[in-house]
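Undergrad: All chains, full assembly: derive it from the sequences and hints.
Residue numbers (this note's numbering), protein chains in the order written: chain A, 19 to 456; chain B, 19 to 456.
Hints in this document: simulated from the structure, not taken from any laboratory.
It is possible that some hints are incorrect.
Repeated chains share a single entry, so a pair holds when one copy, or any two copies, can fit it.
Stated by the list, open to error - Here are the simulated BS3-like cross-link-like pairs (lysine-lysine), alpha carbons at most 25 Å apart as the crow flies: (1) LYS209 with LYS181; (2) LYS222 with LYS181; (3) LYS209 with LYS406.
There are 2 protein chains.
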Amino acid sequence: MQLNETHNPQLRSWVSSANTGKTDFPIQNLPFAIFRRAGSSETFRGGVAIGDQVLDLAQVADQALMSGLAQAALVAAAKPQLNEFMGMGRDAWSALREALSLALREGSPFVNELTSALIAQSEVEFDLPCQIGDYTDFYTSIHHATAVGSLFRPDNPLLPNYKWVPIGYHGRSSSIGVSGQSFRRPMGQTKAPDASEPSFGPCKRLDYELEMGIYIGRGNDFGEAVTIDNSDEHIFGMCLFNDWSARDIQAWEYQPLGPFLAKNFASTVSPWIVTMEALAPFRRPWHRDEADPQPLAYLDSALTREQGALDIALEVLIETEQMREQGELHSLARSNFIHSYWTVSQMVTHHTVNGCNMRPGDLLGSGTQSGPEQEEAGSILELTKGGKEPLSLANGEQRTFLEDGDAIILRGFCEAEGSARIGFGEVWSKVLPALNKK
Amino acid sequence: MQLNETHNPQLRSWVSSANTGKTDFPIQNLPFAIFRRAGSSETFRGGVAIGDQVLDLAQVADQALMSGLAQAALVAAAKPQLNEFMGMGRDAWSALREALSLALREGSPFVNELTSALIAQSEVEFDLPCQIGDYTDFYTSIHHATAVGSLFRPDNPLLPNYKWVPIGYHGRSSSIGVSGQSFRRPMGQTKAPDASEPSFGPCKRLDYELEMGIYIGRGNDFGEAVTIDNSDEHIFGMCLFNDWSARDIQAWEYQPLGPFLAKNFASTVSPWIVTMEALAPFRRPWHRDEADPQPLAYLDSALTREQGALDIALEVLIETEQMREQGELHSLARSNFIHSYWTVSQMVTHHTVNGCNMRPGDLLGSGTQSGPEQEEAGSILELTKGGKEPLSLANGEQRTFLEDGDAIILRGFCEAEGSARIGFGEVWSKVLPALNKK
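TA: As structure tokens, this is what we get:
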């Protein structure tokens, strides 16, 4: 993916909060979300983050300041869901990005018109960015797969297919919520290893998963595969994604058809979608260790080798009830998406190679992005070695798994020499007590 | 579920083809579909089957012959998708059924008005009956689970959780099509047991699955479980469902997260949804063998014991290209939904017990409905004992798995002493050659 003037690190915006060097949302980012004024009954519409503000795309679209493909893309992006815009494809996404970059740049002729379309991010609430027709979760961190595998199958942690197949499974779209989601601790069947029968009650091993979400852009027709070199046309952008997990329910139910109730009670996305074009400066060469099998031809290409990896720094933080009162957070782990064993393009290509059709707005989870080191683990299951080694938090509290009232925050950002730092904002979501404690 | 006058086997319709005693669609059935005139550019709209005709609900709704809840339900059912009608709940479904039964009965005052709203079924084409937000596949035939388990895991066919947990997993909604669907043989990774590495190519072990589909009616709120005794409010009706499967892809990919590309290339529903109210006369007592674990409390109730099972006779037929030219079919197997280890209400209750929210129009697959006898197997994998014993078809052809050009037809009907016979029509779908034979 080529860099262009919108990536120029020298660009400054007339929105001064975009120029701090510390914001997640400088003019080089320009991520999309669906928003309205908090607590209002306004219609949700598309917005773009700039510094600490949201640019209201519906207001900008009404002013018809842009023209051609950029204006058409703007009108689509201003709707209450981004699906139509996502389905327009890369030329449209790029045209709107370029037009927004020009309009928000210092020296823009539209400062007066756009100033009235800015709303402080602190004053808005978000909706899901699009209708998610299907949600698929991958399993692309070999470090996570090995660590979790060794807990669920001590004699057989990493299965023989892992290094050949980008393992994935279908998840639940109805229970995906946007940052701010609170959900009840799930009830369910569990069976202790030494129990003769399962029992029913609230989950005792509640966990988060540090994932990236990937939104599909243009869809592919039923029966037509996306090739690895054409996959960029079909990938709109990325978000932070917390795929909540009930480990005790999972252990009892997951064989032979995979996780089900252990996962489908809640999953939470960050509001902002950072486009693949904004992420272009953070692409890195991708390679497979020589000791490992090389990918089959349909999953391999020169472009993948040159720039298949993405350098995205990730962090998980916890906010317990006690911390919330004190205004504190505790960092649980840092990792990076660059450790992913499979690339985003490989996920999309594999998913469609059998003719499976994707639709604009479909969501892929990357799987938990654990790094190679123990402190880079993307779940509490891994951090506590299966709940055996409790974590000590900075305020003196301890955790083996999550407790009622705990919130988990995921953050992510990209930094590189010669590029402006961009970020994903955050996703926050909180555990409520079970509805029916038996 | 109570019987009422709409179930009276003595009822006759002024549409004479409904009174043959052999049609799937007598006046006691009244199933819903979404249709338009074949080959036209008409708007799709709701229809009800009566004999060999479709009653065009959009035309009936415009005439405002009904009133109150029945008319409101009619207006919703006339739309291009049934989701709104499905979400109205049981009183609305019942009110419309009663009104349609009266209007289509001999002696109806509306014969003239409705005659103009009839279209021959042979002249229409169907769309999916609703937007399927999420699709979940269960695994409720213990005979199928044991037979398939013994092929995939000879030493461990039926896993310890099977008799406790209604096992299910999420499937793909985008690739679900309505009867008439043709799909390309999927490409994918497979690995022969004696091969050192996987290879990529067209599926060589393509299979069908004889399933029932269950459509959700009223949804449940995020975080709120559906109780077993309240589940009827949330279950709209049932259809025939062919969950196409690529057994060689499945064997290589399915551990540890379940089937993925082996299933998501195509699934096919019958056009007609038979409502739970129409199925009421075919409910039967449900019991669990004393030697087996009894269901946990949240999956058990007096109502389930009294009438949780459903007597639905099922049949799978094949139409090879050669048979198509001769106008022949070959029956592969007969089974019955009464063999299901878990009831429809148990599936819905289990699915939501962790707070997972269902939406109107969500689809549950029952899993392959194999009966206890070998000739009742609901997949060709079982009929050929894992592809080891080819089937001889009536016209002299043989099959181990499906070949290009083969179509599979599923049929289902209900018969009982003192009740009118009702049926599901059929679902037909066909295998096309792979796009890219490497």
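Undergrad: Each of the hints needs a verdict: does it hold here or not?
TA: Results of checking the hints against the structure:
For the homomeric pair LYS209 and LYS181, the shortest alpha-carbon distance between copies (13 Å) is at most 25 Å, but the shortest distance inside one copy (31 Å) is not. With identical chains, the CA atoms of LYS222 and LYS181 are at most 25 Å apart between copies only, with a shortest distance of 23 Å across copies and 32 Å within one. Proximity of LYS209 to LYS406 under the C-alpha cut-off of 25 Å is restricted to the intra-copy arrangement: shortest distance 18 Å within a copy versus 37 Å between copies.
Taken one by one, the earlier hints all hold for this structure without exception.
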